[in-house]
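Model the full assembly from the supplied sequences, consistent with the hints where possible.
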Amino acid sequence: MSTDKRYWIWLQLSLGCGAYFKDIIKDFGSVENLYNANIMEWKMSTALVARQVEALQRHTLNDAEEIIYNCDKNGWEIVTFDDEKYPNRLRDIPNPPAVLYVDGTLPDIENYAAIAVVGTRKASTYASKAARFMSKGAALCGALIISGGALGVDSCAHRGALEAGGKTVAVLGNGLGSDYLQQNKELRGLIKKNGALVTEYPPFTPASKHTFPMRNRIISGLSLGVMVVEAGVKSGSLITAKYAYEQGRDIFAIPASIFDYNFYGTNKLIDDGAIVATNPGVLVSQYAERFASLDLSKLKTVRELVNDMTDKSANAEQSPQIEFDKIARDRAENVSRQNKALQLSGDEKSVYSSLSENLENIDTIIEKSGIDSQKVLVALTMLEMKGLIESASGKRYKLK
Numbered sequence: 068m069s070t071d072k073r074y075w076i077w078l079q080l081s082l083g084c085g086a087y088f089k090d091i092i093k094d095f096g097s098v099e100n101l102y103n104a105n106i107m108e109w110k111m112s113t114a115l116v117a118r119q120v121e122a123l124q125r126h127t128l129n130d131a132e133e134i135i136y137n138c139d140k141n142g143w144e145i146v147t148f149d150d151e152k153y154p155n156r157l158r159d160i161p162n163p164p165a166v167l168y169v170d171g172t173l174p175d176i177e178n179y180a181a182i183a184v185v186g187t188r189k190a191s192t193y194a195s196k197a198a199r200f201m202s203k204g205a206a207l208c209g210a211l212i213i214s215g216g217a218l219g220v221d222s223c224a225h226r227g228a229l230e231a232g233g234k235t236v237a238v239l240g241n242g243l244g245s246d247y248l249q250q251n252k253e254l255r256g257l258i259k260k261n262g263a264l265v266t267e268y269p270p271f272t273p274a275s276k277h278t279f280p281m282r283n284r285i286i287s288g289l290s291l292g293v294m295v296v297e298a299g300v301k302s303g304s305l306i307t308a309k310y311a312y313e314q315g316r317d318i319f320a321i322p323a324s325i326f327d328y329n330f331y332g333t334n335k336l337i338d339d340g341a342i343v344a345t346n347p348g349v350l351v352s353q354y355a356e357r358f359a360s361l362d363l364s365k366l367k368t369v370r371e372l373v374n375d376m377t378d379k380s381a382n383a384e385q386s387p388q389i390e391f392d393k394i395a396r397d398r399a400e401n402v403s404r405q406n407k408a409l410q411l412s413g414d415e416k417s418v419y420s421s422l423s424e425n426l427e428n429i430d431t432i433i434e435k436s437g438i439d440s441q442k443v444l445v446a447l448t449m450l451e452m453k454g455l456i457e458s459a460s461g462k463r464y465k466l467k
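341 is the number that the numbering used here gives to position 274 of the sequence shown; each next residue is one higher, with no gaps.
If you are wondering where the hints come from, they were derived from the structure by calculation, not from laboratory data. The reader is advised that the hints may include incorrect statements.
Pairs of lysine-lysine, PhoX-like flavour, derived with a Cα cap of 25 angstroms [stated by the list, open to error]:
hint, residue 1, residue 2
1, K309, K335
2, K416, K442
3, K252, K465
4, K309, K89
5, K453, K467
6, K465, K442
And the structure:
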């Protein structure tokens, strides 16, 4: 029987997301006992440090009740650490979330070969296709695809799973109800109809540079393996890979050009022993004996998946090899752009790094680049003159 949800919410509000609370609960016997203990008992506990004793005094069950009210009002589910719906795989990591907030239907994680697919938000064409088709191929066999619900690789992974008619879970770096990333609202709507949006952050918590690294341990914690698609030397997806290693998960990596610094982190993972992922079979075959839900008779190669997609398009006569040649050309062009980018000024590099193959409006570019509007306009002009970007109506720009 699970404890009153209010106590777990109080614990998470007090100690914060990512706290190591297992020893604390063990010391007091239950989270309810912890709440009902007095300050002296908290101070005497060897499981609590001084700052945690102070933190436990900042919130009450009233704060938890307000969160429960908002969740009930919006149809969001609250899954606490001792709830039978809480994934055992996640429960076993060193610092699991005390509470999960769920929009949609959280799959029974233990019965799925769950594979996380992660990578940069500014994904190259090659990485976008790799994430999409590898995820689709794995989902066709019955794997559950887990990612972060962000732009770039995350979106491609979720879409691949959805195209296969599979289940997918997005682990968010913000609270449910937050207005973060409105451009992905449609995709998130599809995800919660075919899986769930999951977060440890209380409703309406805004995203920040601190929330995303913390949530990455949940992405790996829910998964059997983590596939890194595209990662530079400082990519946040390498944090997920680090958590995966610490949690004893398999680590997969998509191979790429040794000359493309956007794949430096991915190639380094391969150097360090990550499993090279060149087709969906690499992701699912080793889990087949453990999960009856996996059907390897539905396994397809990436080329077959590309061919299926091509056959359904207006350009049906195009062959998989032509499609792969195009990917190779796109990668070569991307490397050429990267080399040119090395010679840019500071502002130009910031603006260039904020762009992708998709058109972005000027306000989005200013927000992503982090520099003022006048400098952005100057940088855009210079980048266009250098042949690195192109403009469209409505003050929109994209990589050339």
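TODO: Run the structure past the numbered hints and jot down the numbers of the failing ones, going up.
DONE: none
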